[in-house]
Amino acid sequence: MSGTATDPRLAPSRQAPKRALRLSWTDPRFRSIVWQAVVVAVVVGIVGYFVGNARSNLEARHIATGFGFLDETSGIPIGETLIPYLPGTSTYLTALVEGVLNTLKVAVVGVVLATILGTLIGIGRLSPNWLLARITAVYVEVLRDIPVLLQLLFWYVLLQGLPAPRQSMRIGDAVFLSNRGIKVPLLIWQGAHSWALLGFVVAIVLSVLWVRHAHRRQDATGQSPPVLPVVLALLIGLPAIIWAALGAPLSFDMPQLHGFNFTGGGTITPEYGALLTGLVIYTSSYIAEIVRSGIQAVPHGQWEAAQALGLHRGKTLRLVVLPQALRVIIPPMTSQYLNLTKNSSLAVAIGYQDIVSIANTILNQTGQAIEGIAIIMAVYLTISLSISLFMNWYNAHIALVER
Amino acid sequence: MASQAVADSVQGAARERPPASVVGPVAWARRNLFNSIWSSLVTLVLGYFLLRWAWGLLNWGVLHAVWTVPVAANPLETAAPCRQAQGVGACWAVIGDKWRFILFGRYPYDLQWRPALCVLLFVGLYAVSASRRFWRKELLYIWIGTLTAIAVLMWGGVLGMQYVPQDEWGGLPITLILATFGLAFAFPLAVLVALGRRSTQLPAVKMLCVAYVELIRGVPLISLLFMASVMFPLFMPEGLNPDKLLRAQIAIILFAAAYLAEVVRGGLQALPKGQYEAADALGLSYWKKTRLVILPQALRLVIPPLVNTFIGFFKDTSLVLIIGILDLLTAGKNAMADPVWTGFSTEIYLVLAAIYFIFCYAMSHYSRGLERQFGRTRNR
Chain D
432 MSGTATDPRL APSRQAPKRA LRLSWTDPRF RSIVWQAVVV AVVVGIVGYF
482 VGNARSNLEA RHIATGFGFL DETSGIPIGE TLIPYLPGTS TYLTALVEGV
532 LNTLKVAVVG VVLATILGTL IGIGRLSPNW LLARITAVYV EVLRDIPVLL
582 QLLFWYVLLQ GLPAPRQSMR IGDAVFLSNR GIKVPLLIWQ GAHSWALLGF
632 VVAIVLSVLW VRHAHRRQDA TGQSPPVLPV VLALLIGLPA IIWAALGAPL
682 SFDMPQLHGF NFTGGGTITP EYGALLTGLV IYTSSYIAEI VRSGIQAVPH
732 GQWEAAQALG LHRGKTLRLV VLPQALRVII PPMTSQYLNL TKNSSLAVAI
782 GYQDIVSIAN TILNQTGQAI EGIAIIMAVY LTISLSISLF MNWYNAHIAL
832 VER
Chain Z
3 MASQAVADSV QGAARERPPA SVVGPVAWAR RNLFNSIWSS LVTLVLGYFL
53 LRWAWGLLNW GVLHAVWTVP VAANPLETAA PCRQAQGVGA CWAVIGDKWR
103 FILFGRYPYD LQWRPALCVL LFVGLYAVSA SRRFWRKELL YIWIGTLTAI
153 AVLMWGGVLG MQYVPQDEWG GLPITLILAT FGLAFAFPLA VLVALGRRST
203 QLPAVKMLCV AYVELIRGVP LISLLFMASV MFPLFMPEGL NPDKLLRAQI
253 AIILFAAAYL AEVVRGGLQA LPKGQYEAAD ALGLSYWKKT RLVILPQALR
303 LVIPPLVNTF IGFFKDTSLV LIIGILDLLT AGKNAMADPV WTGFSTEIYL
353 VLAAIYFIFC YAMSHYSRGL ERQFGRTRNR
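Residue numbers (the numbering used here), protein chains in the order written: chain D, 432 to 834; chain Z, 3 to 382.
Derived from the structure by calculation, the hints contain no laboratory data. It is possible that some hints are incorrect.
Below, computed lysine to any residue pairings styled on SDA-like, alpha-carbon distance capped at 20 Å [stated by the list, open to error]: (1) Z:Lys246 / D:Phe481; (2) Z:Lys208 / D:Val474; (3) Z:Lys275 / Z:Arg200; (4) Z:Lys208 / D:Ile801; (5) Z:Lys246 / D:Ile801; (6) Z:Lys335 / D:Val588; (7) Z:Lys208 / D:Val465; (8) Z:Lys139 / Z:Arg200; (9) D:Lys773 / Z:Ile324.
Same shape as in the complex, but just chain D (with noise of 0.2 Å):
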């Protein structure tokens, strides 16, 4: 009779009837809350009965912990160096930052290496031309069941096993491929050269804002204004006038053989230069799956009804094909970049003073190996978790935008 009557159907939330806890294991709240806090009590008590053992093994060994040894000085040579560092005065602190920045130095280097060379070996697999797609399947097919630490010690053997500095393989008089590593000029840094890069970096801003204007123009009219050939103007065209504005310097430190050994010039040291070539193949060889398996991800009738809007390859491809499939790629291609970064770890095999390799070094120096150790994980950790947040972030930005 009276629309007003509370109909318990309509009621907003209808959930069932909140119950009181009974102490009964027919309870399924009850049973839950048991058997939580059995796991937590056996993981504490394994983890205290841990503790305890290394506390006492600690005493017996007279090792004190805490990370108050960071201080101390460090007698360990390090061969690598971005930052000062004097073996003998630097101190332990300052010796694993060398050894973390030796790590993003391979992992940055390699990342990037990798895929490049990871998508055009995957491009390859799908080339029309059956030469180019049988080698870059065997390739693929070969490399990714190999261990990679077996790769690392190959390619170190094998710079290793490069003639004396006197017998180098040379390119030109400028680069010398010897036992000691790849000799390359380096560039002499001058006052031009900041400038010109501080024009490169406005060259940069100026071309973003050319491609919105050319975006709203294009919105507004339907004409293109033509985008690449401004930018490429931009980019080149300005740090090289400004550069030769202010002279046109140009000199390079070339590297010399003086006795029995080079002077001068920049060095990739056959350690570097292993790790990097190992890490790059290995990984390429999983990135090519990762960018063939993307590519064909994208129906066929895509690139059709590209071509039937009269859009041309290039336009196609960069459009159309590549957001599909970069949606596929990026996150496994997440997990390969952070394999990468870990198989990083594998320098201290063949003596490349990565974190791993300095910490091992400190540890068993100073027996602190349970520092070391929380050490080398929470630097990965961070890196890992570093990498991860940037993909996630780059995936959301590329992601279909569902309503």
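Using the hints provided, position chain Z relative to the given structure of chain D.
Frame of chain D, contents of chain Z only:
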């Protein structure tokens, strides 16, 4: 009349061979190798390098290679014929001299039939596990039986076999033991962790599982192996110190379980929700539901990625080189360090790579075949 003429000409054409530009090797090459200027260029450049490289390899590896060396009066000069050919031809004699050490390490020479038998048992175990006919409960007993037999063969000490302590084991059996025992113990742990991570009723357990998986997956395997070799002894009470191999095995199990757990979780998520609800509607308890309804379907879904993960572990066992366990790679590296044979590491590395490749390629080939089969059933 006209149709008769057409039929005649068609019959006449059928008797002639189609032109070479349509079928046959020339047509194939034109279609697949020279169908545009760029394609032709790529073919020519690649073909040139491929032929040159293959010729060089043939010269080095076969034509100028040294296959055997005569016994020298001075054992240090055994490799003399190889040294003369160095740089021109490969020295396969080093393999002939060292293969027993590379494959079986320091295992007593006369007893090496035992690790050899173990390798065969492992291969047989993989073959049986790969066959879909054996995918049932009996497979579990086969695994337990084979692994026990392998342990007995390696250790000995019973049935009249001489006891061989663990630090004399080495080579390929160690690699297979680390990978297979690792999988056998990691897998049940992984299933539990995956179930825990999916649990809605037990938030504390779920948090522990998430922390475990993410922690292990965030750090390299080397750091875990270091942990096992230098930190684990600190955690044990005085006097109790498990040997190095066991510690490395535990590290590999913990590492593998975290990765396998994510694969299993993928299977659990891929299973339609209706399966869970149907099992609940039947009134099955959690464990019955999991054992009878969920896992049989979820695990079947993830067999191809499980095989791929296993290939990864098989390769990763080589990392025990860094903590000095004598697996296949370490044995090969030690063989190179023999002063008689210094300088012939390339040959040994190539052989090691070939052994790893055979195992991994067989597994990945199998996994791809399985994926195709599964895809066919799903797309039917």
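Which hint numbers does the structure go against, in order from smallest to largest? Failing hints, ascending: 4, 8.
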